[in-house]
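J.: Spelled out from the first residue to the last, the chains are:
There are 2 protein chains.
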Amino acid sequence: MKAEIITIGDELLIGQTVDTNSAWIGAELSQAGFDICRKISIHDRREDILDAVSEAVSRYDIVIITGGLGPTSDDITKQTLCDIFNGRMVLNPTVLSMIDEMMKRRGIAMNENNRKQAEVPDSCRVLYNKMGTAPGMWFEKEGTIFISLPGVPYEMKYIMNEHVLPELKKRFQSQVIIHRNIMTYGTSESKLAEILSGFEKSLPPEIKLAYLPSYGIIKLRLTGTGRNREIVENIVDEQVKKLYSIIPQLIYSEIDEPIESFIGNLLKERGLTICTAESCTGGKIAQMLTSIPGSSQYYKGSVIAYDNSIKTSLLNVPEEMISNYGAVSEQVVAKMATEVRKKFRTDYSVATSGIAGPDGGSESKPVGTVCIAVSSDNGVGVITEKYVFGNERILNINRFSIASLNLVRRQILQLQK
Amino acid sequence: MKAEIITIGDELLIGQTVDTNSAWIGAELSQAGFDICRKISIHDRREDILDAVSEAVSRYDIVIITGGLGPTSDDITKQTLCDIFNGRMVLNPTVLSMIDEMMKRRGIAMNENNRKQAEVPDSCRVLYNKMGTAPGMWFEKEGTIFISLPGVPYEMKYIMNEHVLPELKKRFQSQVIIHRNIMTYGTSESKLAEILSGFEKSLPPEIKLAYLPSYGIIKLRLTGTGRNREIVENIVDEQVKKLYSIIPQLIYSEIDEPIESFIGNLLKERGLTICTAESCTGGKIAQMLTSIPGSSQYYKGSVIAYDNSIKTSLLNVPEEMISNYGAVSEQVVAKMATEVRKKFRTDYSVATSGIAGPDGGSESKPVGTVCIAVSSDNGVGVITEKYVFGNERILNINRFSIASLNLVRRQILQLQK
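The listed protein sequences derive, respectively, from chains A and B. According to the working numbering, the residues represented by the first sequence are 1 to 417, in order. According to the working numbering, the residues represented by the second sequence are 1 to 417, in order.
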């Protein structure tokens, strides 16, 4: 099963937008057992779309096309595809009523551009889009399926997950492919590869292992392929068990989930609450925790004490403590964690102070230094850690935040370092 | 002058790596006046490389190829190009001594793989690489230049900047391409297109307009093409002026920057400070503001009052106010903004309360509702706004936060709605 991805948009070619859509689609199709033969990005130009589509007909089983479906005049994908697939534009009443409802909600009057978005070629199957005004389209020609999707990432993902992937799996899946994701934290990719080199060498031929690192979290993906689901599942399960015996401390979840989701579930299951006191992470930990639906059940809030005066006035950190040990010190974060937990009356709290960069580093506390404290009433009291990461600000904020959430995990589960 | 970018690597197709190289190369070549006709990503497979190169010969003026030049067995680009361009592998003594020196500095012994990297086809011009062990290569065939570069971003960029771009500019610079980005906020893409339809129709033929939306912000990109830089710049400038006369309220910046960076500069220039009190946005606004280097100059901190009890205990919002008007009300956010500004002693403050979803909505306050208040001592006092956005949690949090920052912008600049 061969696949191609075509992304349309001048902004992709002149480098104003990094094409993350095709990476996401590539990962999903690859998981579903397709060989992604190539990805191609082209201009919003009629002749370029014609060329790309005609090159693909009968060469690939499926072609996913994104972009160029917006309401403005530079969006020409729909009309071009209509012509290629010998269609005629017709108003789709379902799409029209979906757009109408969406506009009403936002209190915006529908205009001619919106109405035009409800027109689709009569030669396609419409893929309804609850996330936006541009519907997806499914065409077939000479054995090749062409699927056109909006370029807005969450709209594209919605239509892929809701309509495209289930249908493709039904039609094409002859071979069983099973992916299992093991989420790890606590070591580097190269170190982990070293630890797992023996495990990797002894993997049966039908199993592949991939390392997918992101801000300190390394997702290990085991992929098993075969004809019989049960057999493949058993082989994968066995390898997962082996992994647990080699790196028990490093694994935090067997679901492909971010650490904030894991912690959310942990707190919810145990009926516990948490709050935060952030300095260098500037709200990132709070934002991660509250990105999870239902987080108001366990997350109470935060004091972001970005300025030192706020550490003193709102979190009662004595000025002498700051001048003696520095704002970035285990003493200060311990005090911040203790005080914020008192104020917010939660079971747990986590506090950070560090130097995200690019400026503000010193010999003894270089850019990338962070102190983290977790306070709890589970008998352990406050624990603190100090780490030094890299030079890049955004990267540091992310790594500081994930390290903080991992410390929370360790405290709740009472794990050793 | 037509250009193509070919990126080679399985990891790009299965979505394990997002292709940032081609975006960077696209931006550089576009600035240098090339029309990037397409970008294509292919497998590390001999036949795929052969296909891609033969498709490009005499079709484009230049083709930049990245990836597949590493020392391991899956890197086959160099040998394949050597065959395509009728070469013979020869040891390049300059490359060999550069690799030797690099290895010595790192204290690593040179091995067979390293020595192999010093072999290059005798049909190419070698582009020396001070940043790594794989040299770049410059081939020409039937009027098309093929440039092969390593996939490691900083190595690729080094060779591009040092060797490729200067040479291309010397040989090709005849056409000038100028991009100008106008950042707007305050209306939908379809509405903006309606407002600008007359403007768009009257654009001179050498100017193109594109709409690039993201969470309520719409970037308008004007692209001008011509022979003479000064003339093209003048034409683009004229169109920018026209835009200002049509949508003065909507434009917030002429630089391609996020709104948090614009606000950061505004505060810094005026020596002003700000703090936040977030409920539904859960730290997102703080995180956006603190993502900007140097934000500690103007950002003091936040109270994230996710739980209503914190609105009362830390921000003095009377319980009766919450029970009378609801936590999501203009009254409550106004109080939050006023109180947090007092506590943090800043010139401005912004507060949010809303329903991000997926649950928690009601008939009168559906999911997507947000109330925002900005407090200041510039004589206006507190202003509040209420909006209704969509159904999707993460999207809502982003849109709420950007709407909040826009309200801050309006307050600082004393703009009407």
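Don't take every hint at face value.
Each pair may be met inside one copy or between any two copies, as identical chains are not told apart.
[Unchecked claim] Below, in silico cross-link-like pairs of lysine-lysine (DSS-like), each with a Cα-Cα straight-line distance of 30 angstroms or less:
1) 191 to 242
2) 241 to 130
3) 219 to 141
4) 268 to 201
5) 2 to 104
6) 104 to 169
7) 219 to 157
8) 365 to 169
9) 116 to 208
10) 157 to 191
11) 201 to 116
Hints are computed from structural coordinates only; laboratory data are not their basis. Treat the numbers as computed from the prediction; the structure is a model and nothing was measured.
J.: Are the CA atoms of residue 219 and residue 141 at most 30 angstroms apart within a copy, between copies, both, or neither?
T.: neither (39 angstroms within a copy, 36 angstroms between copies)
J.: At most 30 angstroms between alpha carbons: which applies to residue 268 and residue 201, within, between, both or neither?
T.: Neither: 39 angstroms inside a copy, 56 angstroms across copies.
J.: Within a copy, between copies, both or neither: where do residue 365 and residue 169 come within 30 angstroms Cα-Cα?
T.: neither (53 angstroms within a copy, 39 angstroms between copies)
J.: Since the copies are identical, ignore which copy is meant and state whether residue 157 and residue 191 lie within 30 angstroms (CA to CA) inside a copy, between copies, both or neither.
T.: Between copies only: 25 angstroms across, 34 angstroms inside.
J.: Can you give me the call for residue 241 and residue 130, within, between, both or neither, at a CA distance of at most 30 angstroms?
T.: neither (40 angstroms within a copy, 38 angstroms between copies)
J.: When no copy is specified for residue 104 and residue 169, does a C-alpha distance of 30 angstroms or less occur within a copy, between copies, both, or neither?
T.: neither (36 angstroms within a copy, 52 angstroms between copies)
J.: Can you tell me if residue 201 and residue 116 fall within 30 angstroms by alpha carbon in one copy, between copies, both or neither?
T.: So residue 201 and residue 116 pass the 30 angstroms test across copies only (18 angstroms; inside, 57 angstroms).
J.: Check residue 191 against residue 242 for me: Cα-Cα at most 30 angstroms, and say if that holds within a copy, between copies, both or neither.
T.: Close inside one copy (18 angstroms), not across copies (57 angstroms); limit 30 angstroms.
J.: Please sort residue 2 with residue 104 into within, between, both or neither, judging by C-alpha distance up to 30 angstroms.
T.: The answer is neither: 42 angstroms in one copy and 46 angstroms across copies each exceed 30 angstroms.
J.: Classify it for me, residue 219 with residue 157: is the Cα-Cα distance of at most 30 angstroms met within a copy, between copies, both or neither?
T.: Answer is both; intra-copy 21 angstroms and inter-copy 22 angstroms each pass.
J.: Is it within, between, both or neither when you check residue 116 against residue 208 at 30 angstroms Cα-Cα?
T.: Classified as between; 22 angstroms across copies, 47 angstroms inside a copy.
The structure does not agree with the numbered hints 2, 3, 4, 5, 6, 8 stated previously, though it agrees with the rest.
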